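One-letter residues, chain by chain:
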Amino acid sequence: MKVIYVVFALLITASNVMTAKDNKDQFSHQKSSMVLVKGGRYIPFWKDDKSLVPVKVKPFYMDAFPVTNAEFLKFVKANPAWQRSKVKRIFAGSTYLRHWKDDLELGPGATPNSPVTNVSWFAAKAYAEWKGKRLPTVAEWEFVALPGAKSSLRDKMLNQKILEWYLTPKPQRAGTVGVGKPDRFGIYDMHGLVFEWVDDFNGIIAGGLGGDGNESGLFCGSGVVNSSDPANYAAFLRFAFRNGLKADYALYDLGFRCAKDAN
Amino acid sequence: MKKIMMITLPAALLILGLTGYFALNNSWGSVVIAEKHSEKKDSVQTLPGLKKVDAKISSCCSEKMEEGSAGYSSNSVYQLSSVWKNELGQKLSLGDLKGHKVVLSMIFASCTYACPLIVNDMRKIEKSVADKSDVRFVLVSIDPERDTPVTLLEYSKRQGLELSRWELLTGSKSDIRSLAAVLGFKYQRDSKGDYTHSNLINVLNKEGEVVLQHEGLNKDISDIVGKLKSMN
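Sequence lines, in order, name chains A and B.
Heads up, the final residue of the first sequence is numbered 263 in the numbering used here, and it's a clean run with no missing numbers.
Heads up, the final residue of the second sequence is numbered 495 in the numbering used here, and it's a clean run with no missing numbers.
Honestly, the hints are just simulated from the structure, not real lab data.
The model shown is predicted, which means the values in this text are computed figures rather than measured ones.
Hints may contain errors.
Below, computed lysine to aspartate or glutamate pairings styled on EDC-like, alpha-carbon distance capped at 20 Å [stated by the list, open to error]:
id	chain 1	residue 1	chain 2	residue 2
1	B	Lys436	A	Asp261
2	A	Lys88	A	Asp102
3	B	Lys354	B	Glu417
4	B	Lys364	B	Asp397
5	A	Lys56	B	Asp453
6	A	Lys38	A	Asp183
7	A	Lys161	A	Asp253
8	A	Lys86	B	Glu472
9	B	Lys354	B	Glu408
10	B	Lys492	B	Glu472
11	B	Lys395	B	Asp486
12	A	Lys260	A	Glu129
13	B	Lys436	A	Glu129
14	B	Lys364	B	Glu478
15	B	Lys364	B	Glu472
16	A	Lys246	B	Glu478
17	A	Lys88	B	Glu472
18	A	Lys58	B	Glu408
19	B	Lys490	B	Asp394
20	A	Lys88	B	Glu470
21	B	Lys395	B	Glu425
22	A	Lys58	A	Asp261
23	A	Lys74	A	Glu105
24	A	Lys58	B	Asp453
25	A	Lys56	B	Asp457
26	A	Lys246	B	Glu472
27	B	Lys436	B	Asp457
28	B	Lys348	B	Glu408
Make a model of the complete structure from these sequences and hints.
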């Protein structure tokens, strides 16, 4: 039994113990920093035809960190319509910001420097617009999140790490942003803290077309045929997760970060 | 024994986790069709005389989702205060439809397969409720680049739509995405510029709340007709 606890503890803390060094430095300048992602070609994980044409990702800015509770608090202070007791039900389910103490107080359940969660897509989008930004697209998010083009041993290990995180039950309180190592773009926490909303989460990712227009091939066997990389189980899980979302969902392990067009 | 548990435990957790998410979601049965279309350019024309609508023209559009919620229920689609243009180039917000029963679908004009079938279903519905003057039919384009008001007007003529009962709307990409999100409508532009999308006819009550969603093509529409006749 002890062994199991140890495994648990390891899994849960895996992302946090990666590196605690430089923590202070990062915090001093991180709060509003965005990183320029130069863009490039990206082979979508999922295609509705079998051509697997790479998609061009234009240069864009991405938040280096997920939006935190403290940042979101500023937003709801400035935009009362998005406070927990005032939000319109069509824009956010009943679990919206449930981990906060009340409309304008985080309380013990919500650490200021942890990613804000329990936010709906509408709320995330409204925050981004308030900041003069937008939510990243699936293509942009995946472009940043996926390992480099060539599948090296390092990438395989990264994938393994991501998968382990997906396998781990998420703590009710997400960890602190910016604690781990940045990725090759200088962006933090794409994996390891929370799942993240994207602008076009409600895009179609199905492959199979039934004669009566039904989504027959969604995530059973036939779906895998249309995957650019059936071995990339981690990406597969993300796409499955997004496909299950509705825009008013507010989930305890789902947060977001913002993006912006370059130029 | 311990080793076995070390392996099975994470697997079990994964299954539990996924089951939880998927149980939350009942949208897997929604309907998808890939579309093909031919490229065509729209010629710019001057608009014909303006259609008389009971639309109050909303001024503009920043702070969208925070504003304009007055008078609508918390679950009303009309909480979206986005501003659209109809086939005559007139600005209106969805809330201008308040007080009508609304049959609404999201389509694109150059769609050659699914959308004409959806519109056809809606026309059948229209005939079945011909005596009900409080029903409006709304087509919202998901293709803002090609579906200008002029294109939508041509489309309405081609489809033989009676403009006193139909609105064909075009809006910004962001507002289209939000409306789709409210309705649970999925769509995506593919590499060739075609759209893959759900096939969904929505019925809104006079408050703008979704009371019925009809998925699929060429299916029995009596559910919608029944709803329109029975609700106040």
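Right, here's what the structure says about each hint:
For the hint linking Lys436 of chain B to Asp261 of chain A, the alpha-carbon distance of about 15 Å falls within 20 Å, and the restraint holds. For the suggested pair Lys88 of chain A and Asp102 of chain A, the alpha carbons sit about 16 Å apart, so the restraint of at most 20 Å is met. The straight-line distance between the Cα atoms of Lys354 of chain B and Glu417 of chain B is roughly 18 Å, inside the 20 Å bound, and the hint therefore holds. With a C-alpha separation of about 6 Å, the suggested pairing of Lys364 of chain B with Asp397 of chain B holds against the 20 Å cut-off.
Our distance criterion of 20 Å between C-alpha atoms is met by Lys56 of chain A and Asp453 of chain B, whose separation comes to about 12 Å. Annotation: proposed proximity of Lys38 of chain A to Asp183 of chain A holds, straight-line Cα distance about 14 Å (limit 20 Å). This hinted pair checks out: Lys161 of chain A and Asp253 of chain A have alpha carbons roughly 18 Å apart, not beyond 20 Å. Annotation: proposed proximity of Lys86 of chain A to Glu472 of chain B holds, straight-line Cα distance about 19 Å (limit 20 Å).
Only pairs whose Cα atoms come within 20 Å are accepted, and Lys354 of chain B paired with Glu408 of chain B is accepted, the gap being roughly 17 Å. Annotation: proposed proximity of Lys492 of chain B to Glu472 of chain B holds, straight-line Cα distance about 16 Å (limit 20 Å). Distance restraint check for Lys395 of chain B and Asp486 of chain B: the Cα-Cα separation of roughly 16 Å lies within the 20 Å cut-off, and the hinted pair is therefore satisfied. Of the pairs offered as hints, the one joining Lys260 of chain A and Glu129 of chain A holds, with about 10 Å between alpha carbons and a cut-off of 20 Å not exceeded.
Taking the CA atoms of Lys436 of chain B and Glu129 of chain A, the gap is about 14 Å. The hint holds against a cut of 20 Å. Taken as a hint, the Lys364 of chain B and Glu478 of chain B pair is honoured in the structure, with Cα atoms around 19 Å apart against an allowance of 20 Å. As the CA atoms of Lys364 of chain B and Glu472 of chain B are separated by approximately 10 Å, the hinted pair is consistent with the 20 Å bound. Restraint check: the Cα-Cα separation between Lys246 of chain A and Glu478 of chain B comes to about 17 Å, which is no more than 20 Å; the hinted pair holds.
Straight-line distance between C-alpha atoms of Lys88 of chain A and Glu472 of chain B comes to about 13 Å, which keeps the hinted pair within the 20 Å bound. Simply put, Lys58 of chain A and Glu408 of chain B have alpha-carbon atoms about 19 Å apart, close enough for the 20 Å limit, and the pair holds. The hinted pair formed by Lys490 of chain B and Asp394 of chain B meets the criterion: a straight-line CA distance of about 15 Å does not exceed 20 Å. With a CA separation close to 14 Å, the supplied pair Lys88 of chain A and Glu470 of chain B stays within the 20 Å bound.
Of the supplied pair hints, the one linking Lys395 of chain B and Glu425 of chain B holds, its CA atoms being roughly 14 Å apart against a limit of 20 Å. The suggested pairing of Lys58 of chain A with Asp261 of chain A holds, with an alpha-carbon distance near 8 Å, which does not exceed 20 Å. A C-alpha spacing of about 11 Å is found between Lys74 of chain A and Glu105 of chain A, which places the hinted pair at or below 20 Å, so the restraint holds. Proximity of Lys58 of chain A to Asp453 of chain B is assessed by CA-CA distance (about 16 Å); at most 20 Å being required, the pair is judged to hold.
Distance restraint check for Lys56 of chain A and Asp457 of chain B: the Cα-Cα separation of roughly 17 Å lies within the 20 Å cut-off, and the hinted pair is therefore satisfied. Restraint check for Lys246 of chain A and Glu472 of chain B: the C-alpha separation of about 17 Å stays at or below 20 Å, so the hint holds. Distance hint between Lys436 of chain B and Asp457 of chain B is fulfilled; the C-alpha atoms sit about 15 Å from each other, no more than 20 Å. About 13 Å separates the Cα atoms of Lys348 of chain B and Glu408 of chain B, which keeps this hinted pair within 20 Å; it holds.
The structure fails none of the hints (numbered hints given earlier).
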